[in-house]
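Peer 1: Given chain A's structure and the hints, the job is docking chain B onto it.
Chains as they are written, first to last, in numbering that gives the first Met the number 0: chain A, 0 to 480; chain B, 0 to 75.
Take these hints with a grain of salt, some might be off.
[To be verified] Just so you have them, the derived chain B footprint on chain A, three or more residues with Cβ under 8 Å:
#1 48-54
#2 113-127
[Unchecked claim] What follows is a set of in silico ranges between Cβ atoms, one per label pair, in the way DEER data are often shown:
#3 A:A175 / B:E54: 37 to 43 Å
#4 B:E56 / A:T349: 55 to 61 Å
#5 B:D50 / A:E331: 47 to 53 Å
#6 B:N65 / A:P406: 41 to 47 Å
[As the list claims (entries may be wrong)] Within a straight-line C-alpha distance of at most 25 Å, the following computed BS3-like cross-link-like pairs (lysine-lysine) qualify:
#7 A:K240 / B:K74
#8 A:K447 / B:K69
#9 B:K5 / A:K214
#10 B:K69 / A:K214
#11 A:K240 / B:K5
#12 A:K248 / A:K221
#13 A:K1 / A:K17
#14 B:K74 / A:K239
#15 B:K69 / A:K240
#16 B:K69 / A:K244
#17 B:K69 / A:K126
#18 A:K239 / B:K69
#19 B:K74 / A:K409
If you're looking for bench data, these hints aren't it; they were derived computationally from the structure. Beta carbons are placed, not taken as given, at the ideal position from N, Cα and C, and that holds for glycine.
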Amino acid sequence: MKSIEEQLFAIVQQTPDKVALISGETEVAYSLLWDYCLRAAFKLQNTYHLQKGDRVILSAAGNIEFVYVYFGVHLAGGICVPIDPDTNQTRFNHIEASTKPVCVMGTLHNVARETISFSDVIDGTEKAEFIAPKMSEIADILFTTGTTGAPKGVALSYLNLAAAARNINEFIGNSADDVELLALPVSHSFGLGRMRCALTKGATVVMLGTFANVKKFFNEMKRCHVTMFAMVPASWGFIKKMSGKYIGKFADQLKFIEIGSSFMPKEEKEFLMEQLPHTRICMHYGSTEASRSAFMEFQAYKDNLLSAGKASPHTGIKIFSPEGKPLPLGEEGEVCVKGEHVTCSYWNETPERFASDFYDGYFRTGDCATMDADGNIYLKSRIKEMINVGGKKVAPMEVEDILNTIPGVKESACIGIPDPGVVLGEVVKAFVVADESLTDEEIMQQLKPQLEVYKLPVEIERISEIPKTSSGKIQRLILKK
Amino acid sequence: METLEKVIEIVATTCEVDNSEVTGDSTVGDFPAWDSMGHLSILSAVEEAFDISFEPEEMMEIEDVNDIVKAVEAKQ
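If we strip away everything but chain A, and leave its shape as in the complex, we get (with noise of 0.2 Å):
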């Protein structure tokens, strides 16, 4: 296998002019785009003074320019930390001082810092040599929602970026002939796992960064035409939110959507695949950690939509008891994977500590499924306690630290509950014991400097004491009955 990088090589020797990306009225060439990113490369090593594995933050914003720095910095031999341009300071500080970068790149909404702008980057004339990084080092660190509330550092290898492109490619069967539009963030693994599979496959990408004007998500769609798209459960609640049955309009157009991150309900699929009949729908299971782990496709599954598919081309999954032991057909346990993809370690953390994640080699991704005679897995719950909103992870722990620091309050507990609004899947729900004197007014007014909007409560349920073990554990499941 090669890396995401020899592969674009490739791809540029073979069609330099094939149009690579798209960003309103510019088009950019595989030949240009190379350039740019060899570009980027020399000056993070000339001017910027990258060595060889030293990290950059990049504020990840889905524009041309994120794309030629981030292959910039691999092509200079950096690790790319690819971070939301609305970080918060304190998750900033946190991740600025566990992977001490070199240089902070792009622009940050809500954080004090100067940073270097994009265009600064790739202003020079002058390229690097490319040389092929080896598959065994570090490309990419990405930070998740830790459960104990902390941003934790998933390392990723070249091995692993390509292994995972691989198997989706193989498994959505997307070519070079494809136009994607690219509307995910690219902060995430998701998005940033859909640029990489478009390019390496020579197909076109149309970076469109956002699902939030719908009128010109359509537009570009065909305006571009547009094959295929990538979209979270929230992305597709926000479509249909703003304009109906208008997709179907696209039935004889479109030919892939993967979509993934979140639970999608049964009538959402059905929805979607009276109004695209002929397209290859497409939902993953995975993680950061390991990306796109299992798949299934609307049509095959139509009679089991609720499962969550099968291992992914080049992937095992088993399902592990908690003593560590494969657990026959049928009975509930921890999804386990194992597969070039998975993660190669976690930033900061011993080889003991990451060896406690695996058993017998495959990765214990902390959700509870059962798996049926034809490998098909069906998710029924998080052994981590984690809140998605629209396809964002919150941690409860991180928003019960925050809550718990207001005067007044004595102890928190955060869950997840069905959206009133049904677009976001799940929101924030605080349950919080305070003094009477504190309103909820003021007890958001405390928490809103200091979180980003999806991780604020949308309710908050006074209690007289927090459920918890006999071990002091908080025991948030109670909660949710």
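Peer 2: Chain B alone, transformed into the frame defined by chain A:
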């Protein structure tokens, strides 16, 4: 004029910016908080404020503040 002022106020409050930063041409994505979630919040606040309800095809046409004003006035 009154509709425009009211819509600007709603957008500014939702996006946590000053009213003076919002104009008729302000559009989705102009402020970090005007993402898809923000867009939904703005439209539902507008529906509530003017006691109207938008159909999906009407919402799809809304890209900026002027579009919102147009959509509201068409309902009144």
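Peer 1: All the hints need checking, so say for each whether the structure fits it.
Peer 2: Hints versus structure:
| no. | hint | result |
| --- | --- | --- |
| 1 | 48-54 | violated (count 0) |
| 2 | 113-127 | violated (count 0) |
| 3 | A:A175 / B:E54: 37 to 43 Å | holds, 40 Å |
| 4 | B:E56 / A:T349: 55 to 61 Å | holds, 56 Å |
| 5 | B:D50 / A:E331: 47 to 53 Å | holds, 49 Å |
| 6 | B:N65 / A:P406: 41 to 47 Å | holds, 45 Å |
| 7 | A:K240 / B:K74 | holds, 19 Å |
| 8 | A:K447 / B:K69 | violated, 32 Å |
| 9 | B:K5 / A:K214 | holds, 24 Å |
| 10 | B:K69 / A:K214 | holds, 16 Å |
| 11 | A:K240 / B:K5 | holds, 24 Å |
| 12 | A:K248 / A:K221 | holds, 10 Å |
| 13 | A:K1 / A:K17 | holds, 21 Å |
| 14 | B:K74 / A:K239 | holds, 22 Å |
| 15 | B:K69 / A:K240 | holds, 19 Å |
| 16 | B:K69 / A:K244 | holds, 23 Å |
| 17 | B:K69 / A:K126 | violated, 51 Å |
| 18 | A:K239 / B:K69 | holds, 22 Å |
| 19 | B:K74 / A:K409 | violated, 49 Å |
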